[in-house]
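Put chain B on the given structure of chain A with help from the hints.
Number of protein chains: 2
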Amino acid sequence: MPVITDIRNAVVPISSEIANAYIDFSKMTASVVALVSDVVRDGKPLIGYGFNSNGRYACKGLLEERFIPRLQRADLGGEIDPSRAWDAMMANEKPGGHGERSVAVGVLDMALWDLAAKVADVPLWRLIADKWNGGAAKDTVFVYAAGGYYYPGKALAELQVEMQGYLDRGYRVCKMKIGGAPLDQDIARIEAALEVVGEGRNLAVDANGCFDLQTAIAYGEALKPYGLFWYEEAGDPLDYALQAELARHYDGPMATGENLFSHQDARNLLRYSGMRADRDWLQFDPALSYGLVEYKRVLDLLPEHGFSRANCIPHGGHQMALNIAAGLGLGGNESYPDVFHPFGGFADGIAVEDSQVTLPDCPGIGFELKSALIETLRDATRT
Amino acid sequence: MPVITDIRNAVVPISSEIANAYIDFSKMTASVVALVSDVVRDGKPLIGYGFNSNGRYACKGLLEERFIPRLQRADLGGEIDPSRAWDAMMANEKPGGHGERSVAVGVLDMALWDLAAKVADVPLWRLIADKWNGGAAKDTVFVYAAGGYYYPGKALAELQVEMQGYLDRGYRVCKMKIGGAPLDQDIARIEAALEVVGEGRNLAVDANGCFDLQTAIAYGEALKPYGLFWYEEAGDPLDYALQAELARHYDGPMATGENLFSHQDARNLLRYSGMRADRDWLQFDPALSYGLVEYKRVLDLLPEHGFSRANCIPHGGHQMALNIAAGLGLGGNESYPDVFHPFGGFADGIAVEDSQVTLPDCPGIGFELKSALIETLRDATRT
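Chains A and B, in that order, give the protein sequences.
Okay, so the first sequence: first residue is 112 according to our numbering, each after it adds one.
Okay, so the second sequence: first residue is 112 according to our numbering, each after it adds one.
There's no promise every hint is true.
[What the hints assert, rightly or not] Pairs of lysine-lysine, DSS-like flavour, derived with a Cα cap of 27 Å:
(1) 407/A <-> 249/A
(2) 205/B <-> 407/B
(3) 242/B <-> 407/B
(4) 155/B <-> 205/A
(5) 407/B <-> 249/B
(6) 138/A <-> 205/B
(7) 242/B <-> 205/A
(8) 265/A <-> 205/B
(9) 205/A <-> 407/B
(10) 205/B <-> 407/A
(11) 205/A <-> 265/A
(12) 249/B <-> 138/B
(13) 407/A <-> 205/A
(14) 265/B <-> 335/B
(15) 407/A <-> 242/A
(16) 205/B <-> 205/A
(17) 265/A <-> 138/A
[What the hints assert, rightly or not] Chain A is nowhere near these chain B residues, computed Cβ spacing over 10 Å in every case:
(18) 113
(19) 135
(20) 155
(21) 189
(22) 244
(23) 462
(24) 472
(25) 486
(26) 494
For the record, the hints were derived by calculation from the structure and aren't laboratory data.
Built from N, CA and C at the ideal position, the CB exists for glycine as well.
Extracted from the complex, chain A is given alone in its bound form (with noise of 0.2 Å):
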């Protein structure tokens, strides 16, 4: 009869000096929450860690004014049960209005499933297979290198070398953000890194929803030739016309979703924007979109609309996503090598091969082998 005794709640900066086209990250913030249980294994009770993603910000506020008290107050059937809590931690919501509280629900929601596992001593990607997927687990995952940031003074030189060092460190396919220079320097820095990275379908572009209608069918125009991986969030995130209408002018593989939160936001973009099951990618991410409990019930939405979980790469680059992909057999994940430092990446001494990734064994989502992660995640939420 496993019982949370104590609910932390702390923000640590990750903050960058890279911008993508949308926004530049040099005052971006995490939350951190530490779940402490009276399950006491090795002489130390068992604890379950959460943070939230990047792009959106902490949300300290939220979480202490609302979803740590209703938490605190939460019935779970002397289970550490993720779906109980969601339902407690969103009762006296209004239906509507996906986002920060998406993200304070996640961060609690991360802290619960690596306690649920922790508790059950195995690692996250297990206890979900064999929840959720009949018992089967990947292996490997792929992950792609995402970086190509704009920061000042960077030159077409520097990108280059960026990417030669996620070829170096085992990465296949790499991704570099568009949107934030005019098209020709667009092009130029696309050609720079294909130069490093090789092939087309090695390397992804990502414009972050900044362009209109003209500019992405001008860049998709531009793109063509050269076979991306992938051709990332075009326009405003809730434009599912213009990413229709996009799809009829480029027809190479696109991905979005990084800013769809709730499955009615995720079942809105496979409704109308024309997403093509045979070739594009959905990159919602749990952690900013209320948790794994939500995202289940986006996975679940899938088969309706032609796509399937082999169509889902979540937006993150996080070790819950990770296990998500493994345990219930994603197309893969993002991962970020060189920023949003201790929150991306993997366990220490894991090897990426050709854009492939294998999993930790170790109870819960693995943080405890993320020697630089797991210290940041302790030192803030110390009492």
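Structure of chain B alone, referenced to chain A:
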């Protein structure tokens, strides 16, 4: 060259023993902000006030963590300019995820408009009519009485007393909740209300987004014979396909939009929900949706989708929306005669006649003419 010298941020309860079909309101809160200026009139600094509309919680953390600091640092060009303030407040926010932060920005936007109108020494409805409507302002605004909530032990006779109270105060059109009881009980409640308000065109019903398609249609079939004023928010606010399918079964007026908080979400409703400009109503609440700066973007979208401002009757029952309705020619405004005190309602001494209300002639939004409200705003933000 007016300057904001201090920003104060407080939380007040607006709890009530009522419930709709989705949530109970016993723990509902509201944020209150005060923008203190260096403009002194009658010996006192002009202060702009803002608060958040009901149904969404106070957003104290978000205000403190991001939006007040950004507004404090903003260069408004020596004016109280809500549009420039908006850009500063939304800097480094990613697209998508329109919830919670839309409330925080809406609270500050309301206070900015209140202060801007006070500095100009005109009512807000006059300021915005001159700015955006060629000076044309409505003399009276249609208002309806929103009530008919569920609460423990409420019987049909009490619902009738409540409705009679609205008629006694000059309302012709009243609204009640449905979906919190089985269909047959709701029909009995509707018939009881109709005994008081008379014709079906005097009664609106509101399901607060709780129905699945089958239930929405079943209610639609049962409601048809009554010829109601409107059938509101049958399904999830983001389920545009449900709304479109329901429109094929229910040809009476429908209303929705209170839980869509951006022009992108509003545009999706207009694109995909099958709403009919000749009879349906759009209820976007400017206070919950990034304020009037964003609401103006919504209004500007309407014509290309065949709608006009006359289709708009905002949710929220606050004087901010009342000023917008008068100044920009909306179809009307919600009113809560009996709940959410002191935030709803009108200036003291303003009478409702045949569901029409006049606007006060007082600088700003008019809070100073509603004694219980201005006292609450001042008490909450007094240093």
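Here is what the structure says about each hint:
1. 407/A <-> 249/A: Status holds; Cα separation ~17 Å.
2. 205/B <-> 407/B: Distance ~21 Å between residue 205/B and residue 407/B Cα, so the pair holds.
3. 242/B <-> 407/B: holds (11 Å)
4. 155/B <-> 205/A: violated (40 Å)
5. 407/B <-> 249/B: holds (17 Å)
6. 138/A <-> 205/B: holds (13 Å)
7. 242/B <-> 205/A: Outside the cut-off at roughly 34 Å; violated.
8. 265/A <-> 205/B: holds (23 Å)
9. 205/A <-> 407/B: The given pair, whose Cα atoms are some 24 Å apart, holds under the 27 Å limit.
10. 205/B <-> 407/A: holds (24 Å)
11. 205/A <-> 265/A: Violated. Residue 205/A to residue 265/A sits at ~45 Å, over the 27 Å cutoff.
12. 249/B <-> 138/B: violated (37 Å)
13. 407/A <-> 205/A: Given pair residue 407/A, residue 205/A holds - Cα atoms ~21 Å apart, limit 27 Å.
14. 265/B <-> 335/B: holds (26 Å)
15. 407/A <-> 242/A: Cα-Cα ~11 Å, so holds.
16. 205/B <-> 205/A: holds (23 Å)
17. 265/A <-> 138/A: Holds, at roughly 20 Å.
18. 113: holds (28 Å)
19. 135: Per Cβ check, residue 135/B is inside 10 Å of chain A; nearest 6 Å; violated.
20. 155: holds (31 Å)
21. 189: holds (26 Å)
22. 244: holds (27 Å)
23. 462: Residue 462/B clear of chain A: closest Cβ-Cβ about 32 Å, beyond 10 Å.
24. 472: holds (35 Å)
25. 486: Nearest chain A Cβ is 25 Å from residue 486/B, so the label holds.
26. 494: Correct as stated: the minimum Cβ-Cβ distance to chain A is 21 Å, above 10 Å.
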